[in-house]
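Each chain, letter by letter, is given below.
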Amino acid sequence: MLKMDLKRMGVAVCVAVIPLLLVSGCKKEQPVTAPPPPPPVTTAPPTETVPPPPPVTPASDMTEAPRPKDLSELQDEFERQGLIGDVFFDFDKYELRADARDRLAKNAEFFNSEEGRKYTYTIEGHCDERGTNEYNIALGQRRASSALDYLTSLGVDRERFKTISYGEERPVCTESTEACWQRNRRAHFVLSGRVN
Amino acid sequence: MRHAILIPALLSILAAALTLSAQESGEDVEIILRDLNQRPQLRLAFPAASYHPGLNGVYLEAARELEETLRADLDLSGVFLVQGPAELAVLQLTGKRAHDFEQFRSLGNQVVLYAELKQESSRIVLEGRVYDLASGQSVLGKRYRGEVDQARQIAHRFADEVVAQFTGRPGIAQTLIAFHSDRDGFQEVYIMDYDGRNQRRVTGHRSTSGFPEWSPSGDVVAYVTYFTASPTIFFADMKTGRKTEVYGQGSLNLSPSFSPDGTMIAFAHADGTNTDIYVCPRICTQPQRLTRARGIDTNPAWSPQGDRIAFTSDRSGQPQIYVMDRDGSNVRRISFEGDFNDGATWRYDGAYLAYASRRGNKFQIVVTDVISLASATLTHGPDSYEEPSYSPDGRRLVLTRKRGRDSQIVVMNADGSGMVQLTHEGRNFAPDWSSWPR
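The listed protein sequences derive, respectively, from chains A and B. 2 is the number of the first residue of the first sequence in the working numbering; add one for each residue after it. 104 is the number of the first residue of the second sequence in the working numbering; add one for each residue after it.
Excised from the complex, chain A in its bound form:
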């Protein structure tokens, strides 16, 4: 009885397996020890030819114009004489501290002087590395603007100034110390051109 059942089962398995074999088209027995072959190909799907990726060509991009050398030298000279200097900010802040107002008053004196009136200026806003890069660019903009607004209140001619923020992208120092961070939280004054 048991034997019969097994036989019947065997038939049933064969019946179930044979159509699969026919559909798949695999007729040959494989030795059990051979590595398993892939499933048989019934119909090959249509071939997709993969297109090559587009080239990326950075070669001919426009680049930054260097600042005239004589202006850099003049700037160094004015800074050495203490005629212009950076103003510094508190962490995450763009409000002017008392020391910043004092410094700006001195800068204003120079900007309004006969020599100072010969030039145009860019006020750069900078940040330390502790905020996010993207927000710090907006923060640096406010620092530069705060400085310009105060200079304007001291009678400096706004037309000779523009502002720019570098956020934390162009630090003067790169140590992770409070001293270094303070040096980077600043508005910096740059001679950018001559008044015609």
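Don't take each hint at face value.
Using C-beta positions, here's what the derived DEER-type ranges look like [as the list claims (entries may be wrong)]:
| id | chain 1 | residue 1 | chain 2 | residue 2 | range |
| --- | --- | --- | --- | --- | --- |
| 1 | A | R102 | B | R392 | 25 to 35 Å |
| 2 | A | R195 | B | Q524 | 24 to 34 Å |
| 3 | B | R300 | A | E179 | 33 to 43 Å |
| 4 | B | G288 | A | S114 | 37 to 47 Å |
| 5 | A | D100 | B | G463 | 42 to 52 Å |
| 6 | B | Q391 | A | F92 | 29 to 39 Å |
| 7 | A | R98 | B | Q421 | 27 to 37 Å |
| 8 | B | E440 | A | R195 | 44 to 54 Å |
| 9 | A | R118 | B | R303 | 45 to 55 Å |
| 10 | B | T376 | A | E78 | 25 to 35 Å |
Under 7 Å between C-beta atoms, here's a sample of chain B residues computed to sit facing chain A [to be verified]:
| id | residue |
| --- | --- |
| 11 | R248 |
| 12 | V251 |
| 13 | Q302 |
| 14 | S538 |
Hints listed in this document are in silico derivations from the structure and should not be mistaken for laboratory results. Heads up, the beta-carbon is just placed ideally off N, CA and C, and yes, glycines get one too.
Since the structure of chain A is provided, determine the placement of chain B on it from the hints.
Chain B in isolation, oriented as in the chain A frame:
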């Protein structure tokens, strides 16, 4: 979709609707992480690929790279628990389908994937087949042909097809990540494949250029560059490499973000003192101002549905994340913890925002349900994690990991698990994950 074995599992996970408080409670975190963790795991057997006897030299090498890439892609997709040759070695495989299928099933597998690799004249060919092990039916059959240097690309294509078959949406193996790096001396824009391969430079302005953002169709990458007189938004055409100025007026233009139809950008712009959010068509002459608060409003992120824009504002005294309608109305605050929050990125369905939130002096990535405001912190530890960007399927996040002066691009699963570093050269920032290729 016929064989969407996975869909019920995904739906049940997504159906865990959130009605939670604004605080980050343990219960919220658990529910959010479950919702984010769409790693459901269809069990897939992927026995050793079959290599045609004619494959030799560079073709054999390419075929091996293709198989290796395909395995990595299926694994990274987060959709499958893959059993490879090592796990399948215990089975007695005969090459007879019904028998072998039963064998694969005995290890709990639900589907099997066969890859056959051959050479056709000077090209490499992949024939990939997927079978449902329960029914024995063929689910997917694909044949790809390409040059030997396209082995990875072919694998990515097939992997995305396999994922699409089971989730109804393609995988992300063909997506790209844009970022900026100082590795070549100047800060320039770069792109790489989603797995960190093929890192290549896009810009050569030799200035400070960065903060890239893909257009939805991938035709351009918008970015900010300083080589002109003030920070200016440019487009890099990804086919021709041509760079076009989009907007450079005023003192600051920053953080471009495309509308989902690709016709508009939102960006931060400062005329004089104040930075606000503006929107503009691609040909941008007169940006329309959306925010008017006294403080800084910056870093907009257009929602995938197009109806809302997330941004950062310090109107409360510290940078926090806000959402407004696309016309600037209906402003509501999203982040309430941390004294400095920035860099919001939307999940594809507009349900979640991930962003960087300062805790102590480091940033961690936090995700917030924009309706219930329930939040979960995804990263932990001594490093600082910033600038997150969701993959288009919402399963992964790419971000910047800062460790002292070092800064690298890393990816992780949407629940914060499985972090992998993608960049190793120079300092790297501001990753942006592309949409699906079109």
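Hints versus structure:
Taking 25 to 35 Å as the suggested C-beta distance range, the pair A/R102 and B/R392 conforms, at roughly 31 Å. As the Cβ distance of A/R195 to B/Q524 is approximately 49 Å, the hint placing it in 24 to 34 Å is violated. Checked against the hint of 33 to 43 Å, the pair B/R300 and A/E179 passes, with Cβ atoms roughly 40 Å apart. For B/G288 and A/S114, the Cβ-Cβ distance of about 39 Å falls inside the hinted range of 37 to 47 Å, so the restraint holds.
Against the hinted window of 42 to 52 Å, the Cβ-Cβ separation of A/D100 and B/G463 comes to about 28 Å, which falls outside the hint. Separation of B/Q391 from A/F92 is about 34 Å and conforms to the stated range, judged on CB atoms against 29 to 39 Å. A C-beta distance of roughly 19 Å is found between A/R98 and B/Q421, which places it outside the suggested range of 27 to 37 Å. B/E440 and A/R195 have their C-beta atoms about 51 Å apart, which keeps the hinted 44 to 54 Å range intact.
The hinted range of 45 to 55 Å is satisfied by A/R118 and B/R303, whose Cβ atoms lie roughly 49 Å apart. Under the hint 25 to 35 Å, the C-beta atoms of B/T376 and A/E78, about 31 Å apart, fit the expected range. The interface hint given for B/R248 is met, as the beta carbon of that residue sits about 5 Å from the closest beta carbon of chain A, less than 7 Å. At about 12 Å, the closest approach between the beta carbon of B/V251 and any beta carbon in chain A exceeds 7 Å, and the interface hint on this residue is violated.
Proximity of B/Q302 to chain A is violated relative to the hint, the smallest CB-CB distance being about 11 Å (cut-off 7 Å). Checking B/S538 against chain A: minimum C-beta separation of about 16 Å lies over 7 Å; hint violated.
Hints 2, 5, 7, 12, 13 and 14 from the earlier list are contradicted by this structure; the remaining hints agree with it.
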